[in-house]
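Trainee: Each chain is listed here by its residues.
2 protein chains.
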Amino acid sequence: MTKHRKAMVGRAGLFGAVASLLLSGGAASAEEFFKFEGGKLQRPTGYREWVYVGTPLTPNDMNDGKAGFPEFHSVYIDPASWAHWKKTGEFREGAILMKEMITVGSKSAASGDGYFMGDFHGLEATIKSKKLFPKEPGNWAYFTFTTADHQTLEKSAAPEPASVCNSCHAKIAADDWVFTQYYPVLGGAKGKGEEGTGGKQDKLEHLSMPAR
Amino acid sequence: MTKHRKAMVGRAGLFGAVASLLLSGGAASAEEFFKFEGGKLQRPTGYREWVYVGTPLTPNDMNDGKAGFPEFHSVYIDPASWAHWKKTGEFREGAILMKEMITVGSKSAASGDGYFMGDFHGLEATIKSKKLFPKEPGNWAYFTFTTADHQTLEKSAAPEPASVCNSCHAKIAADDWVFTQYYPVLGGAKGKGEEGTGGKQDKLEHLSMPAR
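First to last, the sequence lines map onto chains Y and P. Residue 15 is where the first sequence starts when you use the working numbering, and the numbers rise one by one after that. Residue 15 is where the second sequence starts when you use the working numbering, and the numbers rise one by one after that.
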């Protein structure tokens with residue numbers, strides 16, 4: 015195996031799903047980045063290689079020790095839905111966003127005082143699908159794979175009752191039940207094509223901030 | 015153009031660089047995700063589609079109004095260097111990491127009190143290259159594209175004097191001058207292959223935290 019061949023294998027691992035879609039001609043079923051079987055979402059994998067959109071932080075020490083979503087939450091969107099979003103400004107049928115919870119590991123570092131990430135702590139997902147969730151508001155369903163001890167993850171999850179999540183998502187989220195106002199990568203790229211991928215223009219994006 | 019063809023074009027835009035590498039056989043020059051000319055780094059573009067590794071937060075209100083790196087900093091690594099890192103646990107020749115600064119837009123939301131991202135605010139980069147920076151410690155050079163008014167970005171940047179950055183990076187960074195202790199995606203994936211891409215194993219990664 016040559017050096018280049020080895021490097022290609024590395025990249026093929028990273029972008030395998032997308033590369034195989036490109037090479038295969040893109041079968042419709044392969045456009046979904048999740049598996050929903052028997053009323054349950056199988057825990058998605060590989061999402062740390064999707065497109066990152068933003069990180070809200072609700073630290074326990076600012077929420078009486080009991081943050082609803084402790085503490086950092088790194089949010090990702092699947093690559094095909096990202097491509098659709100930056101082109102159209104809309105979430106496509108079959109869009110999936112992952113929210114990975116991460117503890118606060120430290121509050122002081124060489125760069126100053128603040129909040130610094132610690133350990134992975136939980137995992138949630140939301141999917142927009144008219145086909146799968148015709149009665150859910152906006153066709154979004156919500157899932158959690160987090161367990162009580164935060165040491166393991168569930169292998170699959172049934173949708174949460176809509177009321178649990180939509181009391182916030184329906185009223186306050188800026189775009190189609192999604193909190194794009196806190197996800198600058200989504201807010202900045204909405205319908206803007208390649209300009210939204212970072213640094214394509216001289217002027218920094220200054221987002222309009224609804225719901226503030 | 016068929017629906018599938020359109021979808022493919024969207025994905026091709028997203029992963030164009032990598033797909034063309036896969037299809038072309040991966041020329042050595044194409045493995046670099048940056049352009050360094052005349053002693054300056056051209057401002058990288060498209061990095062929001064690279065692999066996100068973590069978000070330190072040093073808010074102004076926790077640093078006497080003058081954080082050194084205001085305020086959120088979303089950090090990305092180029093895809094080829096990510097593939098190398100998860101395989102070997104090392105940063106390859108030609109690795110580039112981008113740090114995008116984002117203001118704090120809000121301190122309260124439906125999910126609780128905390129810190130929520132606002133606008134893009136600045137952009138920095140670091141590159142490891144023995145070829146380009148043979149005399150820099152660890153062969154890392156640092157660049158900033160941020161301007162004083164935070165409204166625009168520089169089109170190119172010369173390396174910062176090593177002493178400006180390395181007084182922190184040399185002493186405190188956990189891996190090869192990089193603060194992997196605050197980047198759980200890097201820390202969790204170090205040499206772990208596909209396990210590091212998210213959710214491939216039942217047990218949540220619990221990172222060892224040096225330099226705490």
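These are computed hints drawn from the structure, not numbers from a lab. Hints may contain errors.
Any copy, or any two copies together, can satisfy a pair, since identical chains are not distinguished.
[Unchecked claim] Pairs of lysine-lysine, BS3-like flavour, derived with a Cα cap of 27 Å:
1) K144 / K80
2) K121 / K185
3) K121 / K80
4) K149 / K121
5) K121 / K49
6) K54 / K101
7) K121 / K204
8) K80 / K169
9) K206 / K49
10) K54 / K121
11) K144 / K206
12) K101 / K121
13) K80 / K145
14) K54 / K169
Trainee: Please work out whether the CA atoms of K206 and K49 approach to 27 Å or closer within one copy, between two copies, in both situations, or in neither?
Mentor: between (30 Å within a copy, 24 Å between copies)
Trainee: With 27 Å as the alpha-carbon cut-off, assign the pair K121 and K49 to within, between, both or neither.
Mentor: Neither. Shortest intra-copy (38 Å) and inter-copy (36 Å) distances fail the 27 Å Cα cut-off.
Trainee: As a check of your reading, is K80 near K145 (CA-CA no more than 27 Å) within one copy, between copies, both or neither?
Mentor: neither (36 Å within a copy, 50 Å between copies)
Trainee: At 27 Å max between alpha carbons, let me know whether K144 reaches K80 within a copy, between copies, both or neither.
Mentor: neither (34 Å within a copy, 48 Å between copies)
Trainee: Between K101 and K121, at a C-alpha cutoff of 27 Å, which is it: within one copy, between copies, both, or neither?
Mentor: neither (39 Å within a copy, 31 Å between copies)
Trainee: If the cut is 27 Å between Cα atoms, do K54 and K169 qualify within a copy, between copies, both or neither?
Mentor: within (10 Å within a copy, 48 Å between copies)
Trainee: Is it within, between, both or neither when you check K54 against K101 at 27 Å Cα-Cα?
Mentor: Result: close neither inside a copy nor across copies, 30 Å intra and 32 Å inter.
Trainee: Classify it for me, K80 with K169: is the Cα-Cα distance of at most 27 Å met within a copy, between copies, both or neither?
Mentor: within (25 Å within a copy, 45 Å between copies)
Trainee: I want to check one pair: K121 and K185. Are their C-alpha atoms no more than 27 Å apart within a copy, between two copies, both, or neither?
Mentor: between (32 Å within a copy, 18 Å between copies)
Trainee: I want to check one pair: K121 and K80. Are their C-alpha atoms no more than 27 Å apart within a copy, between two copies, both, or neither?
Mentor: Close inside one copy (18 Å) and across copies (17 Å); limit 27 Å.
Trainee: I want to check one pair: K121 and K204. Are their C-alpha atoms no more than 27 Å apart within a copy, between two copies, both, or neither?
Mentor: between (33 Å within a copy, 24 Å between copies)
Trainee: From the Cα coordinates, with 27 Å as the cut-off, is the pair K144 and K206 best called within, between, both, or neither?
Mentor: Only inside one copy: K144 and K206 sit 25 Å apart there, 37 Å across copies, limit 27 Å.
Hint check: violations occur at hints 1, 4, 5, 6, 10, 12, 13; the rest are consistent with the structure.
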